[in-house]
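Participant: Protein chains in written order, with this note's numbering: chain A, 37 to 537; chain U, 85 to 590.
There could be a bad hint or two in this list.
[Said to hold, decoys possible] Facing chain U, from chain A, some residues (calculated, C-beta under 7 Å):
| no. | residue |
| --- | --- |
| 1 | Val173 |
| 2 | Val191 |
| 3 | Val206 |
| 4 | Leu210 |
| 5 | Ile213 |
[To be verified] Capping the alpha-carbon separation at 25 Å, the derived lysine to any residue pairs in SDA-like fashion look like this:
| no. | chain 1 | residue 1 | chain 2 | residue 2 |
| --- | --- | --- | --- | --- |
| 6 | A | Lys217 | U | Val511 |
| 7 | A | Lys196 | U | Leu388 |
| 8 | A | Lys217 | U | Leu589 |
| 9 | A | Lys238 | U | Leu388 |
| 10 | A | Lys238 | U | Leu589 |
| 11 | A | Lys196 | U | Leu589 |
[As the list claims (entries may be wrong)] Examples of chain A residues lying across from chain U (beta carbon under 10 Å, computed):
| no. | residue |
| --- | --- |
| 12 | Trp80 |
| 13 | Gly183 |
| 14 | Leu199 |
| 15 | Lys217 |
| 16 | Gly244 |
| 17 | Ser407 |
Keep in mind the hints are simulated off the structure, nothing from the lab. What you are looking at is a predicted structure, and each value in this text was computed from that prediction instead of being measured. Ideal placement from N, C-alpha and C gives every residue a C-beta, glycine not left out.
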Amino acid sequence: MLSWMIFFPLLGMVVVLALPRDRPNLVRWVSVVATSVPLAISIWLYMSFDRGTAAMQFVERLPWISMFNMEYYMGLDGLSLPMVLLTTLLSFLCIFASWGISNAVKGYFAMFLFLEMGMLGVFCSLDFFLFFLFWEVMLLPMYFLIGIWGGKNKVYAAIKFFLYTLFGSVLMLLVLIGFYKYSDPQTFDLVRLAGLKAFSGKMISLFGWELPLDRVFWVGLFIGFAIKVPIWPFHTWLPWAHVEAPTAVSVILAGVLLKMGTYGILRINYPILPEATLWAAEAMALLGVINILYGAFCAMAQKDLKKLVAYSSVSHMGYVLLGMASFTTAGVNGAVLQMFNHGTSTAMLFLLVGVIYERAHHRWIVKPDGSRGFGGIAAVVPVYTAVVAIAVFASLGLPGLSGFISEALVFMGAFSVPRLQAYVIIGSLGIVLGAAYLLWMFMRVFLGPLNEDHRALPDMNWMERLTLAPLCLLVIVLGVYPMPVLDLMTATVARLLTYLA
Amino acid sequence: MGSGTAEMLINLRLFAPELVLLALLVALFLTDGLMPKSRSGKLPLVLTVLACGLGGWVSVQAASLPSTGFFSGVVASDGLGAFFRCIFFFVCAVALCVAYSSREIEATARSEYAILIVTVTFGMSLMALATNLLVLYLGVETVSIVSFVLAGFGRDSMRSNEASLKYLVYGAASSALMIYGFSLIYGYTGSLFYPEIARQVAAMGQFPLGLSFAVLLAYAGLAFKLAAFPMHFWAPDVYEGAPTPVVTFFSVGPKAAGFAALIRLVIEVFSVRLSDGHWKAIDGSHLVVGLAAVSAITMTIGNLCAVGQTSAKRMLAYSSIAHVGYLLMGLVALDETGLLAILFYLVAYCAMNIGAFWIVGLVRDFRGTDEVEAFRGFGWSHPTVAICMSVFLFSLTGLPVFAGFIGKFLLFRAVWNAPGFLWLAVVGVLNSVVSLYYYSRFLRAMWFDPVVAPERGGSSQPRFPSVIPIPVVAALVALAVPTVVLGLYFEPILRVAKSSLENLLS
Numbered sequence: 037m038l039s040w041m042i043f044f045p046l047l048g049m050v051v052v053l054a055l056p057r058d059r060p061n062l063v064r065w066v067s068v069v070a071t072s073v074p075l076a077i078s079i080w081l082y083m084s085f086d087r088g089t090a091a092m093q094f095v096e097r098l099p100w101i102s103m104f105n106m107e108y109y110m111g112l113d114g115l116s117l118p119m120v121l122l123t124t125l126l127s128f129l130c131i132f133a134s135w136g137i138s139n140a141v142k143g144y145f146a147m148f149l150f151l152e153m154g155m156l157g158v159f160c161s162l163d164f165f166l167f168f169l170f171w172e173v174m175l176l177p178m179y180f181l182i183g184i185w186g187g188k189n190k191v192y193a194a195i196k197f198f199l200y201t202l203f204g205s206v207l208m209l210l211v212l213i214g215f216y217k218y219s220d221p222q223t224f225d226l227v228r229l230a231g232l233k234a235f236s237g238k239m240i241s242l243f244g245w246e247l248p249l250d251r252v253f254w255v256g257l258f259i260g261f262a263i264k265v266p267i268w269p270f271h272t273w274l275p276w277a278h279v280e281a282p283t284a285v286s287v288i289l290a291g292v293l294l295k296m297g298t299y300g301i302l303r304i305n306y307p308i309l310p311e312a313t314l315w316a317a318e319a320m321a322l323l324g325v326i327n328i329l330y331g332a333f334c335a336m337a338q339k340d341l342k343k344l345v346a347y348s349s350v351s352h353m354g355y356v357l358l359g360m361a362s363f364t365t366a367g368v369n370g371a372v373l374q375m376f377n378h379g380t381s382t383a384m385l386f387l388l389v390g391v392i393y394e395r396a397h398h399r400w401i402v403k404p405d406g407s408r409g410f411g412g413i414a415a416v417v418p419v420y421t422a423v424v425a426i427a428v429f430a431s432l433g434l435p436g437l438s439g440f441i442s443e444a445l446v447f448m449g450a451f452s453v454p455r456l457q458a459y460v461i462i463g464s465l466g467i468v469l470g471a472a473y474l475l476w477m478f479m480r481v482f483l484g485p486l487n488e489d490h491r492a493l494p495d496m497n498w499m500e501r502l503t504l505a506p507l508c509l510l511v512i513v514l515g516v517y518p519m520p521v522l523d524l525m526t527a528t529v530a531r532l533l534t535y536l537a
Numbered sequence: 085m086g087s088g089t090a091e092m093l094i095n096l097r098l099f100a101p102e103l104v105l106l107a108l109l110v111a112l113f114l115t116d117g118l119m120p121k122s123r124s125g126k127l128p129l130v131l132t133v134l135a136c137g138l139g140g141w142v143s144v145q146a147a148s149l150p151s152t153g154f155f156s157g158v159v160a161s162d163g164l165g166a167f168f169r170c171i172f173f174f175v176c177a178v179a180l181c182v183a184y185s186s187r188e189i190e191a192t193a194r195s196e197y198a199i200l201i202v203t204v205t206f207g208m209s210l211m212a213l214a215t216n217l218l219v220l221y222l223g224v225e226t227v228s229i230v231s232f233v234l235a236g237f238g239r240d241s242m243r244s245n246e247a248s249l250k251y252l253v254y255g256a257a258s259s260a261l262m263i264y265g266f267s268l269i270y271g272y273t274g275s276l277f278y279p280e281i282a283r284q285v286a287a288m289g290q291f292p293l294g295l296s297f298a299v300l301l302a303y304a305g306l307a308f309k310l311a312a313f314p315m316h317f318w319a320p321d322v323y324e325g326a327p328t329p330v331v332t333f334f335s336v337g338p339k340a341a342g343f344a345a346l347i348r349l350v351i352e353v354f355s356v357r358l359s360d361g362h363w364k365a366i367d368g369s370h371l372v373v374g375l376a377a378v379s380a381i382t383m384t385i386g387n388l389c390a391v392g393q394t395s396a397k398r399m400l401a402y403s404s405i406a407h408v409g410y411l412l413m414g415l416v417a418l419d420e421t422g423l424l425a426i427l428f429y430l431v432a433y434c435a436m437n438i439g440a441f442w443i444v445g446l447v448r449d450f451r452g453t454d455e456v457e458a459f460r461g462f463g464w465s466h467p468t469v470a471i472c473m474s475v476f477l478f479s480l481t482g483l484p485v486f487a488g489f490i491g492k493f494l495l496f497r498a499v500w501n502a503p504g505f506l507w508l509a510v511v512g513v514l515n516s517v518v519s520l521y522y523y524s525r526f527l528r529a530m531w532f533d534p535v536v537a538p539e540r541g542g543s544s545q546p547r548f549p550s551v552i553p554i555p556v557v558a559a560l561v562a563l564a565v566p567t568v569v570l571g572l573y574f575e576p577i578l579r580v581a582k583s584s585l586e587n588l589l590s
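Please take these sequences and the hints and turn them into a complete structure.
Facilitator: Spelled out as structure tokens, the structure:
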């Protein structure tokens, strides 16, 4: 079943490539089908997922390269299922958000479906080598999606994204080889390695230094994942990639790809290198706080709506890191929930920026010449304003919407650890800053006297409304009652914490 | 007499793959001489491809006859030899296909070209089989001298002539160094046969400084064939000037042969086998450190110099220098995993590098320039070929799921196995990040940049008016498919490589 879910988009890609070039609508509808099947399967997985156990479920396991004990090993637990749900949902919605792509339609949708396969593969792989293959293979469609269908500086943005992530990946590749070399018996099996502490207490010599093996592995993996999150100071690719990418790609980038970094840390660093994880706890908390504040301050300074949302992602991923560093039930649950919730709320924001950009052909809050970009458009586009309001409030953590619960859990968890209290106090400033930059943006764009340039702005059409409706619903429902998602992960998180005890 | 004849017959069977090449040469001479140029058409191509197929089959057969030395022990026909022979036959056949699809090789000169390529292939075979320094020298010289002619094959082109002359000057110097090195080795050990040299060297106890010097000189000759530091300077100039099909061949064939010879020298002569399955370089020879340094310098120079290039051929020339650096990592390990990695990487490298150069040549034919900029818009006018090119480039970078990645994975793993050489693996991975930067310039030109509008008036650039013939597209796809498949399922090739190392390991 998992394989069907992962590889159905690939099948869709093949069909899309085989279609004639002059039937763009057919291509679009095939893509709808190709993404709806994984969505349906993931909902079925959600229904039949056993919430009481931390064991891997829906496991598929086949020998692959027996010389290296590599396996085709797929499975889901409470950590990966929320991410899979997020991926299938956002991919499906993004097909509709990409309806307006008119240049090389076949190529675009083919790449998009390929990307979905890569993302699902990353979240389901339990063999490190397989994980790495999917992790890397995702770079290719992403590179082309930004580079071909992106904005003005697309070439620079695409190569910057590619080089940064490749740099992280090669460090991960070395750790991958090291895992195999130092594990006994030699294996890439992430489930078997979990909790074994196979790399503790060994030393490794590198450039003449004698270093503890597990810490070297930990740092290598962490940098690889940190670039994806992105954690300061590895974040500089993100604003470029986000601003230049087409709307749907930004949504996937912020909604799913950023989560892969923290997912990887939780999937590999935590259970396999627990001692090094404990060693690095405060560094992670510190980086989390830097991310929260740095992202927030940068967001405040932006004049471009999309850049503002991009930096808000940097800020919000800081909460995830802070929660993870607490090693408490509340904190880690909050972090995983925040990964999911940020996925939905930031996806909304990017989709909404895309909506306004398509109409106004610019996204300036304040134009470079200092004049107002928008202003008072609430009067012209009431539905749009309402949806933006929901997304903004969810994003800034208003009680009753999804962001609040996960952020509250993160802070509760982290505050219960004495040595992290200082970080929490400083980090909680991020909530105020978040409210500040989001509300200030809202004020400048939607309220005040109407900017006459945009008097004729049309409101959202039915397709845009339908695309955003499921996300709106999720944000509200999970804000009131987060258990449908929280339920999935509690058992897995509990076991994760036993590794660190 | 009877036993002598029987031995001769066995020897000939072991030598059958080379005999196939010689027979092919005769056949090519006859067709070239007897048939009018206008009539011979595709006959040389067909003959060569068939003979190469036969040669590959015969090589596999010969490998099953156990022999580490024949013709009085000057050449060995073992699994390693068979593996390399198969690579050479493949490269030879594909090189001729490349020549037939290119406008740089005139139609009337194709059969001459075939003769030269087959002769080089014969020389490469000798290099790979040699277990005697003199035979090795003969092999290297056969390859070199014919290569000088090939580099100057574009007779009317000044640059091709210049390339040929440069190649000749460098080649003469390096082969002088090499033969001097061989003579010193002979002076120290009193033998030209590998096993005897190995025995003598092992018996010396302490590796004399003079012998180190001799080894260094001998290395210079092989480094010239490999285009490894410090003998790599010729490569960019020659690659840029020589006709593209010739370069396609140069960038894989002689390099593979050089590696075969290097493996034999390092493993069979200057290392001793330990009981745990590793080899150990002879004390005092500084062999491993030297190889590691050469490897690191070669790949770094290759990649850093490639970054600044605007000519596609020059860039790929530097990239092929870098790949030699990666490959040398496998020798640093001095164990089975390292050799396996080299063999696998060579197979992957053949497919991806031939593919990339081939497409550069096709684009050059259309656009009349080898600038990377000539690829502008290529992706949208020839999507299938451009996708193949992307596959080759990603594979050269070492990205999953392509064969190049598996090759690098195996190499990094091997070099980490050698105690104290983790730093080389780190240098290696950082180099592959650098390489992405310049390979991506092709991708950018092919897919991202807008097609240049034809300039008004005189010198308008054609927007790829020509259609690439279907057989050429098919051949490129046939190179791209294994590049992907080997990235996903590489076990069979590794098993073949492993069995071909049996003689060395026993």
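Participant: Mind listing which of the numbered hints don't hold for this structure, in increasing order?
Facilitator: 9, 10, 11, 12 and 17
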